[in-house]
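**Student:** Could you build the full structure based on these sequences and the hints that come with them?
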Amino acid sequence: MLTDLDALIPLGRRGLIQTTNIISTLLIATLAAIKIMILGFESLPIPAFFVVTVGLVNWIYIRRHGSIDVAAWILMMSALFGLAFSSFYTGGFNAPVVLLAPIIPIMTVILINKRAAWISLGLVCLILAGVFVLGLYGYVPKNQTNPDLMLFGRYIVLTSLCLISTWVISSFASISRTLMAQLETQSNIDFLTGILNRRAIEARLLLEVGRARRSDTWLSFIMADVDFFKLYNDTNGHLAGDNCLKDIAKLIDGCCERATDVVGRFGGEEFVLILPDTNNEGARRIAENLRKTLLAQNIPYGPQNTNPVTLTLGIVSAKGSTIDSVEKLIKDADAALYRGKDQGRNCVVGPEDVEYQVAI
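If you number the sequence shown the way full-length UniProt numbering does, the last residue is 360 and the count never jumps.
Note that these hints are calculated values from the structure, not bench results. Keep in mind it's a predicted model, so treat the numbers as computed, not measured. Hints are not guaranteed to be accurate.
[Stated by the list, open to error] 16 Å max Cα-Cα, derived EDC-like pairs, lysine to aspartate or glutamate:
no.	residue 1	residue 2
1	Lys331	Asp247
2	Lys292	Glu327
3	Lys328	Glu202
4	Lys331	Glu270
5	Lys292	Asp247
6	Lys230	Glu270
[What the hints assert, rightly or not] Quick list of the computed label-pair ranges, beta carbon to beta carbon:
no.	residue 1	residue 2	range
7	Tyr137	Leu161	49 to 57 Å
8	Asp234	Arg214	42 to 50 Å
9	Thr53	Ala181	40 to 48 Å
10	Pro102	Arg258	27 to 35 Å
Ideal Cβ placement from N, Cα and C applies to all residues, glycine included.
**Tutor:** Dropping the structure here:
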């Protein structure tokens, strides 16, 4: 399962922190430059200079492969410092920068974690409460900026708030889509072999049976079992057994000739193939090809047993109108497979003695 942003988004957590650091530093530097251009150097935005300086140092720190956790905390503490001093020196709750307060906990939960977000939220509330109380008692300096500049400042801050909010929501939407797609893949793919698992196979078989019934076309289902696989596992160990299953899965997948053919692992050492628009003759040809291809690999059961690993395959082929159910299709393929095992293994057994009834 995925546990961090590195696995969910292309930038990774380091890139996300770096991007946030750059955007916030440039935004504050731009606001400070606008204020200096309008008011001159008589009213230097000292808190903004501090935050920009910290942002530049943090950028260098991240570029030099510093700890991303430390960089994230530096970014958040810098934002809290900027909120506290900028709101105090620019008119308290009348200061445009106060509008950015909600962004700090939101960015903290994205860049660090939920616990850190609650801490930053508590600090934001404490800062706002302090500014409010100081303002009530007249300790907050009045903002000497003219009303037009204050209005412009609010416009800039609100625009920035909209941009940041949109970025946060779009980032989460992208992460959510990526996560859902990966969860869907994980729920349908066999973790060992990388081919479809039983859940996905049964769903796909149900889909193909429905399609075959509608068009009354042929559908073939092959069930293959690795002969004496327990012997291979006991002789070579489970790790070697896993590698053997992966190699066989790759071999079976490579023997499928069409994009519509479906390969999956049904469980243990059993593999299945769904072959739409394929009659018994075509299914038998594919099954024989699989059996001979694995035999040609000459994978020995062990150092003392040089006999090659083999496959036994059971086939069921039917026209759509004669397929009773998915369960019966699987049951009959399994029965054909076990007839093959009774006949000595390393063979392909067809459905000659399997009767189908038209579905009612």
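**Student:** So, for every hint listed, does it hold in this structure?
**Tutor:** Hint check:
Taking the CA atoms of lysine 331 and aspartate 247, the gap is near 26 Å; set against the 16 Å cutoff, the hint is violated. Restraint check for lysine 292 and glutamate 327: the C-alpha separation of about 29 Å exceeds 16 Å, so the hint is violated. A hinted pair counts as satisfied when its Cα atoms are at most 16 Å apart, and lysine 328 with glutamate 202 qualifies at roughly 12 Å. Of the pairs offered as hints, the one joining lysine 331 and glutamate 270 holds, with about 14 Å between alpha carbons and a cut-off of 16 Å not exceeded.
Pair hint lysine 292 plus aspartate 247 holds up; C-alpha atoms about 15 Å apart against a cutoff of 16 Å. At most 16 Å may separate the alpha-carbon atoms for a hinted pair to count; lysine 230 and glutamate 270 meet this at roughly 12 Å. Under the hint 49 to 57 Å, the C-beta atoms of tyrosine 137 and leucine 161, about 29 Å apart, miss the expected range. A beta carbon spacing of about 47 Å between aspartate 234 and arginine 214 agrees with the range 42 to 50 Å that was offered as a hint.
Judged by the Cβ atoms, the range 40 to 48 Å given for threonine 53 and alanine 181 holds: they are separated by roughly 41 Å. A hinted range of 27 to 35 Å is violated for the C-beta pair proline 102 and arginine 258, which are about 55 Å apart.
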